[in-house]
Structures are given as structure tokens and as C-alpha cells.
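Go by the hints and put chain B onto chain A.
Take a look at the letters that make up each chain.
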Amino acid sequence: MDSLIRILKQNSSIPRTDLARQLGLSEDELASKITKLESDGTILGYHAVINREKWDTDAVTAVIEVRVTPEREGGFDRIANRIAGFEEVQSVYLMSGGHDLMVVVEGSNLREVASFVADKLSTIEAVLSCATHFRLKTYKENGMLHALEEAPERLSVTP
Amino acid sequence: MSSSRIAEHVRNIPRSGIRDFFEIVQSMKEVISLGIGEPDFVTPWHIREAAVYAMEKGKTGYTSNLGTPRLRRAIAKYVEQHFDVEYNPHDEIIVTVGVSEAIDLALRSLLNPGDEVLYNEPCYVSYSPSIQLAGGIPVAVATRAEDEFSLKVSDLGKAVTPKTRILMLNFPTNPTGAVMPLEELRKIAAFAIKHDLIVLTDEIYSELTYDDAPHHSIAALPGMKERTLFLHGFSKAFAMTGWRIGYACGPADIIEAMMKIHQYSIMCASNMVQEAAIEALERGQRSMERMKEEYRLRRNYIVSSLNEAGLRCHLPKGAFYVFPDIRITGLSSKEFSLKLLEEKKVAVVPGTAFGPSGEGYVRCCYATAMDQIKKACTHISDFVRK
Chain A
1 MDSLIRILKQ NSSIPRTDLA RQLGLSEDEL ASKITKLESD GTILGYHAVI
51 NREKWDTDAV TAVIEVRVTP EREGGFDRIA NRIAGFEEVQ SVYLMSGGHD
101 LMVVVEGSNL REVASFVADK LSTIEAVLSC ATHFRLKTYK ENGMLHALEE
151 APERLSVTP
Chain B
1001 MSSSRIAEHV RNIPRSGIRD FFEIVQSMKE VISLGIGEPD FVTPWHIREA
1051 AVYAMEKGKT GYTSNLGTPR LRRAIAKYVE QHFDVEYNPH DEIIVTVGVS
1101 EAIDLALRSL LNPGDEVLYN EPCYVSYSPS IQLAGGIPVA VATRAEDEFS
1151 LKVSDLGKAV TPKTRILMLN FPTNPTGAVM PLEELRKIAA FAIKHDLIVL
1201 TDEIYSELTY DDAPHHSIAA LPGMKERTLF LHGFSKAFAM TGWRIGYACG
1251 PADIIEAMMK IHQYSIMCAS NMVQEAAIEA LERGQRSMER MKEEYRLRRN
1301 YIVSSLNEAG LRCHLPKGAF YVFPDIRITG LSSKEFSLKL LEEKKVAVVP
1351 GTAFGPSGEG YVRCCYATAM DQIKKACTHI SDFVRK
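Those protein sequence lines, which keep their order, are chains A and B. With my numbering as the guide, the letters of the first sequence map in order to residues 1 to 159. With my numbering as the guide, the letters of the second sequence map in order to residues 1001 to 1386.
Next comes chain A alone, as it looks inside the complex:
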């Protein structure tokens, strides 16, 4: 199961026939394993890793450090889920250290992100402060390097 998840994590669009052959499974066995992972919520979805410098260059990504007042019941969960519900929000993490939540926001331009922070995020009652950092350039994302590495030359036959 570990190999299966590892491969899908790296390349979810791999043809299922190839995948079955690599894992030494029949296609039916593979399909039922994948269905199980999807239905128990281990696999939540499949998506492409996009190089933003090549597509939608105006898009803006910001990492926002948020300090919040935890609630007597439920701690940070209700606030975090409330923030996570916004469409602009890509990721929300509860953090150790100087702030409580790290929120990754994507918008189609700077104004969109700015208005999300000013109008939505910072007006939530429990939110004490926000520190917004904008992404300048991406080098690696989800385990993928963004600069295409040139393959080093190899000899074609060696002992």
C-alpha cells in the first residue's frame, strides 16, 4: 500500500495498467485498493502541480500568519474551519511558535488577496492579528522542482 500511495502522490495520472504491472497486481486488485483508499478518505483528490510563472502570471499567493483567541470548547478547530471555508484559502495549518494558524491564500491579483485579508480574515472576531507575506518566486512545490533540470549526459552502453 505504501508503494501505491507513494507513486500516486508523485504521478496520479499514471496509466492504471502500468501501475498494476509495477506493483505486481491485477488491474482489478489495483482498482479495489484505490477505491478503498478513496472511500476511507486516505486519498482526498488528484490535481496537477502548476508552475504559476507559466500560467496566470498575475496570480498572487500569500502566506498569512494569524494569531487567534482559542475558544473554551473546541480550541482552534471552529475558527480554523471557518477560515478554511473561504474559496481563496488553499491551506490552513495549526502551528507551533509565534502564531497560531498559517493560512495560504491564492488570488488572481494583489487586490483580491488584500481585500480578503482586510474584509474577511481580520474581521473575524477571534482573530487578533495577521501578518501577510507575498510569494515572490517558487523554487519547489509539493516535492516538484520548478526549474527543469537538464538531464546529465550518459553513455549509452556501459559494463
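Read the hints as simulated data drawn from the structure, not as lab findings. C-beta atoms are modelled at their ideal positions from N, C-alpha and C, and glycine is treated no differently. Some hints here could point you the wrong way.
[What the hints assert, rightly or not] Beta-carbon label-pair distances, calculated as ranges:
| no. | chain 1 | residue 1 | chain 2 | residue 2 | range |
| --- | --- | --- | --- | --- | --- |
| 1 | B | Gln-1026 | A | Asn-51 | 29 to 39 Å |
| 2 | A | Asp-2 | B | Thr-1378 | 23 to 33 Å |
| 3 | B | Glu-1308 | A | His-47 | 31 to 41 Å |
| 4 | B | Asp-1253 | A | Thr-158 | 31 to 41 Å |
| 5 | A | Lys-54 | B | Leu-1315 | 35 to 45 Å |
| 6 | A | Pro-15 | B | Asp-1253 | 55 to 65 Å |
| 7 | B | Arg-1290 | A | Thr-158 | 16 to 26 Å |
| 8 | A | Lys-54 | B | Lys-1260 | 57 to 67 Å |
| 9 | A | Ser-91 | B | Arg-1290 | 18 to 28 Å |
| 10 | B | Asn-1112 | A | Leu-145 | 49 to 59 Å |
| 11 | B | Glu-1335 | A | Ile-14 | 33 to 43 Å |
| 12 | B | Glu-1308 | A | Asp-2 | 19 to 29 Å |
[Claimed, not checked] If you only want the chain A side, here are some residues facing chain B, beta carbon under 10 Å, derived:
| no. | residue |
| --- | --- |
| 13 | Asp-2 |
| 14 | Ile-14 |
| 15 | Asp-18 |
| 16 | Leu-155 |
Frame of chain A; chain B shown alone:
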């Protein structure tokens, strides 16, 4: 130019069969090659970074002939942890320029003219010439597909003579991917003791075993350490072929003799590469496991595809080679490889490059990107069916 000015013992050594083939492949464009005996991965970044750092720190001078004490200590620890044999880093370990140099040093240190050396075949292309260059007589012991190319002690018995001095082993094997089951290895150890042979064990693929086939080194068996040279390197497991670094562990008197040749011919392995080697041993396990898992998946794919195409091969338990039987096509190994190259632009290596017992087989290396393997398998299947 007359060839007579070349020394006779060098002139008598045939050119490598792989070299001829390489030149043909080199002259063609867009060949998919399953002929490369090295990992397709670049050395993991943390290891490369360690070499960069070593250069920044000015580690550019000679080191001790035996290798830096720190690297020898790291080797001792690694070999004890992974192979269960203890060596003293002070006088039982020498760092060499690849395991190839270690093999050469060992043979030159041990062989008197006319001494015979037994080794399992098909095998790495340089064993026979290295033995000859050291004045020995190579005696190949053929292994068979029905034994999954493991070595049978009964075959050794037929080949041994009073002049036999060394037994060379390479498991997992290039080009067959064979491994030695522990019971069989025990019989071989008893054989070596009975005939008072020194064993050279080339462990270069020993990290790369699959499907819970645990690797056992003959050096770890009772009574073997004192008559075994354990030869290993970094090329295959850590994807460090171009760094040229390896080592030998064994009895102090043999290491001392090897050091004598090494100090006059090579001096020492390069300093910054030794630093990178320490990094590989101390922190390379994770990246090695990741590469190994990738090889395992590719192996499953290629073996299943080749068998489907009608080229019989067992699922090899080690290294990154598969050695399919091509006799069904009615072609010799060389004809098969040349035709496949001409018609489908797929390069495999004729089995005969690894000794006469490789006739009827070809070597396909699966340390190649999955999409290339997939294309190659489709072409091979078309070629065989035609």
C-alpha cells in the same frame, strides 16, 4: 603501426565485447538504451553537497594511503551494521578508486603466475581480463537459468584443481541479478575452507536486493573472515558511479600488500570524494531506499512485459538487471542485440559479453526511466512477435 610494441600479455587480452557494441550504439540516434550498467539517478543532493562543502573547506590535498581515518571508521561501522562483519579501521580497510581498483589490487597481491581463479559466470566483463593481467588463469564456473543463476558447489567441485587459489564471487550478480540462498552460500564457504581458497567477494550490488531476499555476505559466515576479502563501493547503491570510490576489507596482511601496490600506483582516492563517501554512509540510507524502491517497481514491469513477449526470465532478486532467454527467436545473443538495435533502436547487451555461458541471453538494465522501459518493452515485444 605494428602492434608488436604492445606487451604480449596485454595484446593477448581480447577487446571487451561491450566496447564494440557501445561504438555501434554511439553512432546511432534516438536509441532507447537498456544497456547502461549504472543508476539513472544523479547522486543524491546531500552527497553532492558534502563534496562541494569539502572543496570549500579546502580538502584538496593527498590523504593517507589507506583513506582518511574518518572514512575508514565510517566504513567499519557500516559494514558491521549491514553485513555483520567487524573490521579494524586501522589496518583492515583500504579505500580504493572504485571497487574495480580493489579487485585489481587483490588479484595482484595474491596471485603467483599460473594460479587459477574460479568465478561465477556470466559475470562482470572485467573479471577474466583482470585475472589475466595479474598473471592468473581465469576458470569460469557457469551458472544456469534453472538455478536462477546462483552458484552450485557441485560445479565448483568440477573446476577446482591443486592450482586453484582464489574464488571470486559477485552476488547479486551483474548481469543476471542472481542472489545466493544462505544454505548454498554455506556450502560454498565449506568448499573454500576445504580447498584452502581465498575468497574475493564483490559486494557492489549487495544493498540492492528485493522481495525480502536478505543479503548475506560470505565474509560473515563462520571461519570465513580470515580468508575473505570483502570488496565494496558506492557506485550502485548510492548512484555514485562517476566518483570512482570503493573499498576493501580483509585480513591485515592482505590489506597491507594491497596498500603497497596502491601507494605506488594511485597514492590515494581523491580527498573530496572521500568526504562525500562519508556522507553517503552516514546519511544516505533514505535516498538509497527510495531509489531501490523505484528499481523494484521497474523490475516488476520489465519482467512481466518480457515474459509476456515470450522471452522467458525469472524475477531477479538483486542488482538492476534482467537476463531473459532469447533462444525462442532462433538468434544468437549477438544477432538478437544487433537486429533489435537496427530494427527497433533498442539497445540491450548480448549475454556473451559476460562470458560464453551468456549465449542465448541478453542483459537488460532497468535502471532507466519508466517511460523508456515501457517503450523498449513494446518494441521488444513487436520484434519477437514478427
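A quick look at each hint next to the structure:
1. B:Gln-1026 / A:Asn-51: 29 to 39 Å: 35 Å, holds
2. A:Asp-2 / B:Thr-1378: 23 to 33 Å: 29 Å, holds
3. B:Glu-1308 / A:His-47: 31 to 41 Å: 33 Å, holds
4. B:Asp-1253 / A:Thr-158: 31 to 41 Å: 35 Å, holds
5. A:Lys-54 / B:Leu-1315: 35 to 45 Å: Taking Cβ atoms as reference, Lys-54 (chain A) and Leu-1315 (chain B) lie about 42 Å apart, which means the hint holds.
6. A:Pro-15 / B:Asp-1253: 55 to 65 Å: 58 Å, holds
7. B:Arg-1290 / A:Thr-158: 16 to 26 Å: 23 Å Cβ-Cβ, so the 16 to 26 Å window holds.
8. A:Lys-54 / B:Lys-1260: 57 to 67 Å: This hint holds: roughly 60 Å between Cβ atoms.
9. A:Ser-91 / B:Arg-1290: 18 to 28 Å: 25 Å, holds
10. B:Asn-1112 / A:Leu-145: 49 to 59 Å: 55 Å, holds
11. B:Glu-1335 / A:Ile-14: 33 to 43 Å: 35 Å, holds
12. B:Glu-1308 / A:Asp-2: 19 to 29 Å: 26 Å, holds
13. Asp-2: 9 Å, holds
14. Ile-14: Because about 9 Å separates Ile-14 (chain A) from the closest Cβ in chain B, which is inside the 10 Å limit, the hint holds.
15. Asp-18: The hint holds - Asp-18 (chain A) has a Cβ within 10 Å of chain B, the shortest such distance being about 7 Å.
16. Leu-155: 7 Å, holds
Hint compliance for this structure: every hint is met.
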